[in-house]
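Taking this note's numbering, the leading residue of the sequence shown gets 3, the next gets one more, and so forth.
Because the hints were derived from the structure by calculation, they are not lab data. Even for Gly, the Cβ is constructed at its ideal location relative to N, Cα and C. Worth double-checking, as some hints may not be accurate.
Label pairs and their computed distance ranges (CB to CB) [claimed, not checked]:
1. S48 - R104: 27 to 35 Å
2. P97 - R35: 55 to 63 Å
3. I21 - I107: 52 to 60 Å
4. R35 - P135: 15 to 23 Å
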Amino acid sequence: MKDNKIKLYTRKSTKQTKIQPRQRGHNFLKYWRIVRYYIKRKYEISLMELDMLLYLYDQPIFKKEDFNYYGNTMSWDKKRFYEMISKGLIKEWRPGKEKYGRSKIYELTHQGKTICSLTYKKLLQEEPISEDPRSNPLYKNQNYMDKIYKRVISKMNSKSSSDNE
């Protein structure tokens, strides 16, 4: 492990102060912004949709009330639930029967679950973000933000590969 001592000099004396940084237990949110941008671009979803997917990911099945419960923390959008169904992120697991008092039950689709698991893998740096234009839309376009994120992704990937060795 590297010796990360920082040397500070005070003006009044020639004493040398050494600061030793603490070891962090978790740092997987360090690249949250980069992973979030990548996932949003790759799957063409909004930040609100990604947040909702991550909330629903650990629930095998859910009702629309569960969706609305967490949706209350977001900006109000009456169509969000139905847009996520039309995008193929949520599907009906059991149809409701008003006659029997049963409500509809939903689940995340395979694509919705894939988005969540991929997000966690990228955050935990279990697998790098692809730098291949065929699988990463950031490497296809040449707008300013994509160029900035490409540089950060390259550095992130090189750090994670050097940490794994």
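Going down the list of hints, with the structure as the test:
1. S48 - R104: 27 to 35 Å: Hint holds: Cβ distance 31 Å, inside 27 to 35 Å.
2. P97 - R35: 55 to 63 Å: 40 Å Cβ-Cβ, so the 55 to 63 Å window is violated.
3. I21 - I107: 52 to 60 Å: 55 Å, holds
4. R35 - P135: 15 to 23 Å: 22 Å, holds
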